Structures are given as C-alpha cells and as structure tokens.
Amino acid sequence: MHSLLDTLMVLLVFTNLRILGLSRINASIRTVAAQGVLLGLVALVANADHLTGRILLIAVAGIALKGIVFPVLLFRALRAVKIRREVEPFVGYIPSVLAGVAAFLVSLWVAARLPLPGRPPSDLIVPAALSTLFVGLLVIVSRKKALSQTLGYLVFENGVYAFGVGVAYEAPALVEMGILLDVFVAVFVMGIIVFHIAREFDSIDTTRLATLKE
Amino acid sequence: MLTTLILLPAAAAVLCFFIRQAPLRRALLVSAAACHAGLTLSFWFRPPDDAWRGALRLDAIGQPFLSILSGLFLVAAVYAVGYLRRESPGPREDFLEGFRFTNAPEAVFTGCLLFFLSTMTLVMLSENMGLLWIAVEATTLSSAPLIYFHRHHRSLEATWKYLLICSVGIGLALLGNFFLAVAASSSHGASTPLSIHLLCERAPELNAPWLKAAFIFLLVGYGTKMGLAPLHTWLPDAHSEAPSVVSALLSGALLNCAFVGILRIFQICAAAGLAPYAQGFFILFGLASIALAAAFLLAQRDYKRLLAYSSVEHMGILALGLGIGGTAAFGAMLHAVNHSFTKAMLFLLAGNILAAYRTKSVHEVRGVLRRIPVTGALWLAGLFAITGSPPFGTFVSELLILRGALEHGRFLLAALYLALLSVIFVGMAATMARMAHGEAPPAPAGAPDALEAKLSIGPPLALGLAVLLLGVYLPPSVDAVLRRAAEALGAG
Amino acid sequence: MNPATLLPAALSVLLAPLFLGVINRTKAVFAGRAGRPLLQTYIDLAKLARKGAVYSRTTTWVFRLAPITALAAGLVALLLLPLGGFPAPISFPGDFVLLILVLGTSRFLTVIGALDTGSSFEGMGASREASVSALAEPVLFLCLAVAARESGQSTLSGIVGGLTGADWQRAGPALVLLATSLLAILLAENSRIPVDDPNTHLELTMIHEVMVLDHGGPDLALILSGAALKLWILAALLVGLILPGRSGSPWLDSLLFSAGMLVLGVVIGIVESTIARLRLNRVPQFLVGAGAFAVMALALIMR
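Chains as they are written, first to last, in the numbering used here: chain A, 1 to 214; chain B, 215 to 706; chain C, 707 to 1009.
Please note that a few of the clues may not be correct.
[What the hints assert, rightly or not] Okay, the calculated bits of chain A under chain B, using three or more residues with CB under 8 Å as the criterion:
| id | stretch |
| --- | --- |
| 1 | 128-141 |
| 2 | 146-156 |
[What the hints assert, rightly or not] Non-contacting residues of chain A with respect to chain B, defined by C-beta distances greater than 12 Å in every case (computed):
| id | residue |
| --- | --- |
| 3 | S23 |
| 4 | L56 |
| 5 | E88 |
| 6 | I94 |
| 7 | P120 |
| 8 | G164 |
[As the list claims (entries may be wrong)] Residues of chain A placed beyond 12 Å of chain C at every Cβ, according to the derived structure:
| id | residue |
| --- | --- |
| 9 | G53 |
| 10 | V69 |
| 11 | L105 |
Note that these hints are calculated values from the structure, not bench results.
Bear in mind the structure is a predicted one, so any value in this text is a computation, not a measurement.
All C-beta atoms, glycine included, are put in the ideal place defined by N, C-alpha and C.
Build out the structure end to end from the sequences listed, making use of the hints.
Listed below in structure tokens is the structure:
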C-alpha cells in the first residue's frame, strides 16, 4: 500500500500544478473535483489496516461532497456569471507553476523536520498536504475572478483535509465532520456572494472590488 | 444550564425568521439578550456544571470573556432596537456615492445577531479544541450576513474580504488542530482527545515539534480572526461598512472569541513548558500590530476605520501583555474587559454621528458637542478611554502591562510600547477632538428630528460608566475572576 | 571496436523510417482512414534520392552542408545509445551529457542552414525551434540526471540497464513522472503534436517543417532520415528507461525492446490523434510543465 499511497500523493501534487497552469475555469473545477475523489481514495488507502465504518463514511462523504456537490454548485455559479476563462492573473501561469513546484520542494524540506510519530503510511502525506495548502493560498492571492478565488479556497481546504485523513486518523470524528461542514457552508455562502458580486458589478472581476483602500 | 445558554439565543434566532411584526422581533431580541445576561450573572454566584459530557465547561478563562460578551450583547441589543427603528425598510440613498440601495430583511439581521450570540457563547464554553474550532467557524458564517446588511458594492467587497480571509484563517487553525492531534497521539499509543484540560495534564508527554507547529498554525489562524497584523486586512473594511452596532459587536466580542482560541493553545503550550517559545511570537505579533495600527491611524479619513485600526492596536496590546507574562498577563485580561466596553461604546457613538451627519469623513464632521451634546461628550470621554488616559480603566490595564515589561527587564520593549502609544494618542486625539469641537455644519436635509432618542444614548452611556468605574475602583470579585484567568494561563 | 557492436546501430538506421510509419498508421486507424502504407517513408526517401536539387542563389555552402552534417551528428548520437540488450559502442562516464550535446549540434546545424536561406519563413521556423529547444534541452538534461541518480550509474548503458523492477517498486511515482516528462520532451523535440503538427501545410503554424522548406531532393532525404533518426534515438531512450532491467539474454532483451518501441509508436500515434495542437504561446507552458514533473521526480528521489 506504500507505493499506492505515494502515487496518490503525487497525483495530488499533479492536480495542483494543473490548476495553477489552467486558465479555463471549467477545466479547473473538474480538476478540483478530481482532487476531491483522490482524497476520498486517500482516506481509504491510508487507513486500510484499520478500516472502520467511520472512516468509510468520511471517505464516501468526501468523494460525494468534494467530487460531486461542490463542482455542481460551482458549475451553476459559472453558468450564472457567464464567464469561461480567467483573465491574466497577478502571477502569470508559468511563474505560478514554478511557484507550485517550489512549494512542493519547500514542503518536502518542512516535512523532513517534522517526522511523523509512529509508522506513517507514507512519507509523502505531509509534503503533499502542505504543498496543496500553499498552492491554494497562491491561487487565492493571484487570481482575479472571485470564482477562481473560491476554487483556490477549495484547494486550500483539500490540503488541510489531505493531512487530516492521511495522518490524523486518530483525531476525533468531530474535526473531520467539521471540515466538511465548514467547506460546504463556506462554498455555499461564497456561491451566494459570487452571485451578488456578479449582479452588482456585472462581472466577478475582483479587481473591481478595490474601492475600499487604506 | 450551559446548554440553555447556547440554545436559548439559537432558538430565539430561529423564531425571529418566522415572526412578521418588527416590534415583536425586536422585543424577542432584547429579551433573549436579557435572559442570556441574567444566566451569565448567575454563574458568578453559582458555578454551573459541565454539559455535553464535559465538552462544555465554564472555566477560569471562559468566565470573564463570557461575561464581557453577555453584557455587551445586552447593551448592543437595546441600541439595535433604536437602530432598526431608524433604518426603516425600503430603498434609501447612499451617503457617499448617491446611488440607491436596500437593506437586508430585518428578520435576517435579527436572527443572525442571535445566532452570532449563540455561536460566540459556544466559543467561550468549549472545553474541546475541535468544538472550539467549529464554534469560531460558525461565528464567521453567522456574522457575514450582518456585515452585508446594507446591500451595496462597498459592503459586498467588505463581506467578500471578510469571508475569504477569515475562512483561510480558520482553515489554518484546523490544520493546527490536526497537528495538535498528532502531537497528542504519540503518548500511550491511544490518542488523547483534544480536550483542553486533558491536554494540559498530559502536556509534558506531547510531541514538542508538532506542538510547536500546532501553536504556530493556531496562532496564525485565530490571529487572522483576532486582527493581529499582518493578518488584519479584513478588519478596517468590515468595521467601516457594517452597521455600527455590528461593528461594536465585532470589535467588542468577536475579536475576544479569537483571543480565547489563542489563549487555549497557549494554556496547553505553557503546561508543556513551551511558554517562552510562544511568548516570543506574541511579542512579535503584538508589536507589529501596534506599530501598523499607529501608521495607518495617522492618516485616516474615515472615523469608523479609525476605530477599526484602534481595535488592531488593542489586540496587539493584548498579545503583548500575554507575551510578557506575569503582571502583564493580568493586565491583558483586564485590558480585554476595558477595551471591549470602550470600543463598543465608541462604535455605537459613531453610529449616532453617522445618523446625524450622514458622512463618514472626519473632515466633514464638526461640532458634535454642539449638535448632539451627550454623544459628543461621550465621544471625547471615549477618546481618552481608548488611548489609555486616567481615570479610565484602560489606563490601569495598559499601566499594568508596562509594569510587567519593566519587572521582566524588557526595557527596550517598554520604551517601544510607550512610544507607539504616544503616537497613537496624538493621532487619535487630533482627529477625534477636531470632530467634537467647532461649528456644526447645517443639518443635511432629511436628518431625523429626534436625534437624541434614548435608545441611542443609553447603551453607550452605560458602557462609558462601566469603563470609568473599572478605572476608579476594581470590584474584588472582578479582580479575583481576572486573576484566576491569568493564573490559568500559567505564564511565568 | 568490434564491428558486431555496430549492428544494433545499423539496424536502427534501417528501422527508424518504419517507426514513423507505425505512428502514421496508428493515426490513420484512429481517423478511420486506410492511411499510408507502413513503408511509405522508405518510398519517399527513395523518391527524393532520385531527384535533382535546386539551390537558391541566396544560399551559401552552409546551406549545402547542413543536411549531411545534421545526419552525421545524429549517427554519432546513435553510437552513444544502448539499444535492446546491447551496450552502446561508445560508452564512458558522463556520456549522456555528450548525447545531449550531439543532438543539440544536429539541431544547431539545421537552424543555421535555415537562417542561411535569408527567407523569412525559415527564419521564423528557426527562431521557434530555438526557443522550444531552449526550454526542452534543460528538461531533457534533468530527466537524464534523475535516471542517473536513481540507477546510481553514470554511463548511458549503465543507466538504461540499471533501472530494475526494485527501483520501480521503490520510487514508482517518481519514475512515472520521469517517463511522462520524457514523453513530453520527445514530442517537443521531434515536432509532434501537441507542439507542432507534422501534417500541416500552413507555414505560419509550422516549427520544424518550415525550417526545411527550401531543401529539396537528396538534401530533403537526408533531413527526413535525420529527423526519423532523432525520433528513434529519443524513443529508444524512453523505452530503455521504462523497461526494467536486463534479463540476461540479449536476444530476449532485444525482443522486449522492439515490442516496447512498437508500443511507444502506437502511444505517440494515439497522443497525436487525441490531443489538439497547442497554441504557440502555450508551448512554453507545456514545456515548463514537463520541467516541473522532472523537478518533482528529482525531489522525490533525492529525499
């Protein structure tokens, strides 16, 4: 199972790089959905030795919410605002991909200094989770469309969730349910806000949200 | 008892969505707030039992903050009734840009206010880090509609920033909680649940690198919600665009909730012997917040943003006090009380000024003392209170923090602290005093006649008197509660 | 040097056009056409060899020299490559650096031959080719470095034979990343889709084809065989790295190698049929993505 989990982690990093390099928003949403499914699989594979009903539920809920429900909501929002592509972000696509690779390297370094106690299922969980987190933050900070920022937030939460299911298998279920609830309501509320922004500004270009300064 | 404290406002919130008549809704708001305050007061005399199998507990740290929250909310609820009567439904014209907009339905506003109270109470009472986290997230989500009360593009921008930045902060805090779980899992093979008192008991066995990492992420995560620089960027926008009563609650209660989250992880770290490590970060963030607030305060043109940056400054003072420890930690606890009441009072007064002058610009507001005398007098008093002048309570608390710094031999720190506070005093005094004095410009067309409705004066007056009282005489019971809180932190 | 060691290289020269034929046949099958015969490239080469050449008055000896020298560089590169189970005729520590140098030389000669014509089309093609290779060459270097690190060898023969099944078990994901990166480089360096369309007749969209627009007759035959050889070299490198280890018997290895080349040809054909050609300003992104994979593979192997 060692190398299967490693493969899933590398796929996770690959999806991050793909999101960083894409300008088509619907393709980005699909990639985030794929990430959600990947993470559900990670939940199953990482805890394969001590698979309980609770873990199964978390994995299925993760796949359902992150892989299906959130993308559907986001596609609905996309149709409502009628955009197809992201405009050139503050950090260009090539520098973004390079930054994503750099984030992965930094995460490897950080993970080397934070050894997991006990026998972790894979050495790559902490680096992959941390790098997903950084990539999410990068997307939030560098994209101009509010919908892309929401996607960035989802990627960020995926990073936290990846760490949770991969490592903190002994953490109380409260926390894992909490994160799913958190993302659900946040995305739901954000979706509503995106509608409002679109209505107010006739676009979801957040560079227009620049009146409040200093 | 504790469950009632949380469920009562929540149930009232749900009811609010179904009640059609506005006066009935407002009465529900005030009565729910009064019941909440009454219950909280009773806890001073008879400590309540744990609830939810120990997940809810009123301990030494929770007590003062819960009391602040409860009292503040009651006062704010009374003010809110007056505010809602003023904000009659229907489209209105924006002061700044002249376009027309509407407000959110009043039922949504009232209901969200009560949910806000409920979730903040949950934060204060949580004994489990996971539950605490859920509660803090819930406060973000229940306060977002409150900020977006005036439905126009500026408040939309403020709400978007608030939601995004605070959600990122909460996500980082969740990762911190995961790190904490990893730190706790190394002992005995079985994991320690994220219960605060259990973690404190088993603190020496926690895995130190993971605990340190957990501390950092929790500090950054909850620090975003608390308004520590450089994570404070949502604060000025949210405070200036939200209705004044909401700003009062944000500054007076919500920032404290985030502070409680940070206090909890500090408790655990101190029990594990990592207090010096943590305190270094507190001093760093504290000084950065005060310095940044000082810089932005000086050129501020919007008086609500001015107050918001002042909140950033005071959160920095709280962090600084915690970072110094000892007497300064007690000072920080006292300061939390004083700051909450003072800032809330100032925001409510700002609401009155906004209603009377219909402008947020500090240059256009003049002669508050003449036009609305009581508000003006309280505004000046508030200026002295917020900058830490005697005889107000903030003077005592800031002095205690200074004394703590000197006792620990941190002379450079004390000097910096004093210098920055002086800069802030000059900046705020210049602005706020100029607003109070001078000739009042003619009343803009359509300004309401009954400017000094009792509902908009009573609450700020009550808060101001409380801060004055705390400065002149600290009741022994209050002193004891705050001391217990400082001791529970185990700071050196 | 034992002449028998040159046998695999000689066979490669003969088989390279067939490789092109396999790719084209796969594309035809995907498109539902009957397509060209498998041996079409040989027929083309023979036809071109019989023709006469016409040289523009604006060209110099550089233009005349370019095709033959480019092919010669390709042949030298072939001598460095281990094929099937047989080690390379020329092998020394660090020879993979020389391989990249020689491939680069071959490209350089083609580019200056194009610039020599003074035509704007060739100039445009030359500049595009240069910019693509500026990004692709470092990535190729990185890929070979990753393989060298993983197998612990420094000669190409050692690297290709050194990646055993155990390596795949241990560092599977990293090697998959390596293979993907190398495939992307292969497509870029040989002007296949998604970087360049070999079947287009619109000069403004070409990269490689437009560079060789002015060559005709035997020169074009030399260019064509040079291109086929370069494709074979990179493909052989990829197949050699993917196929785990040596099984002992060189004939079994050769059989596996040939099967691997066949599969790779089909894969390239499938990739060409299913992906659309990238817009020209997206090509750097594609190459940077390949580079990112290689860097990640390196990071994964080195930790």
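Just want to verify: E88/A was marked as not at the interface with chain B; is every Cβ pair farther apart than 12 Å? Given that every Cβ of chain B is farther than 12 Å from that of E88/A, nearest at about 21 Å, it holds.
Three-residue Cβ test at 8 Å for the coverage of the stretch 128-141 of chain A by chain B: Per the Cβ count (3), the hint holds.
Does G53/A clear chain C by more than 12 Å, comparing its Cβ with all Cβ atoms of that chain? Check passes; 30 Å lies beyond 12 Å.
Coverage of the stretch 146-156 of chain A by chain B, judged on three or more residues with CB within 8 Å: Holds, because 4 residues of the stretch 146-156 of chain A bring their Cβ atoms closer than 8 Å to Cβ atoms of chain B.
Determine whether the non-interface label on P120/A survives the test: each CB of chain B must be over 12 Å from its CB. Its Cβ does come within 12 Å of chain B, the nearest being 10 Å, so this is violated.
Per the stated criterion, does the least C-beta distance between V69/A and chain C lie above 12 Å, as a non-interface residue requires? Its Cβ never comes within 12 Å of chain C, the nearest being 29 Å, so this holds.
Beyond 12 Å from every Cβ of chain B: is that where the Cβ of S23/A lies? holds, 21 Å
Please confirm whether L105/A is truly not at the interface, meaning its C-beta sits more than 12 Å away from all C-beta atoms of chain C. violated, 5 Å
Assertion that I94/A lies outside the chain B interface [Cβ separation over 12 Å]: holds, 25 Å
Going by Cβ atoms, does L56/A stay more than 12 Å from chain B at every point? Nearest chain B Cβ is 20 Å from L56/A, so the label holds.
Report holds if the minimum CB distance from G164/A to chain B is greater than 12 Å, and violated otherwise. violated, 5 Å
Hint compliance for this structure: hints 7, 8, 11 are broken, all remaining hints hold.
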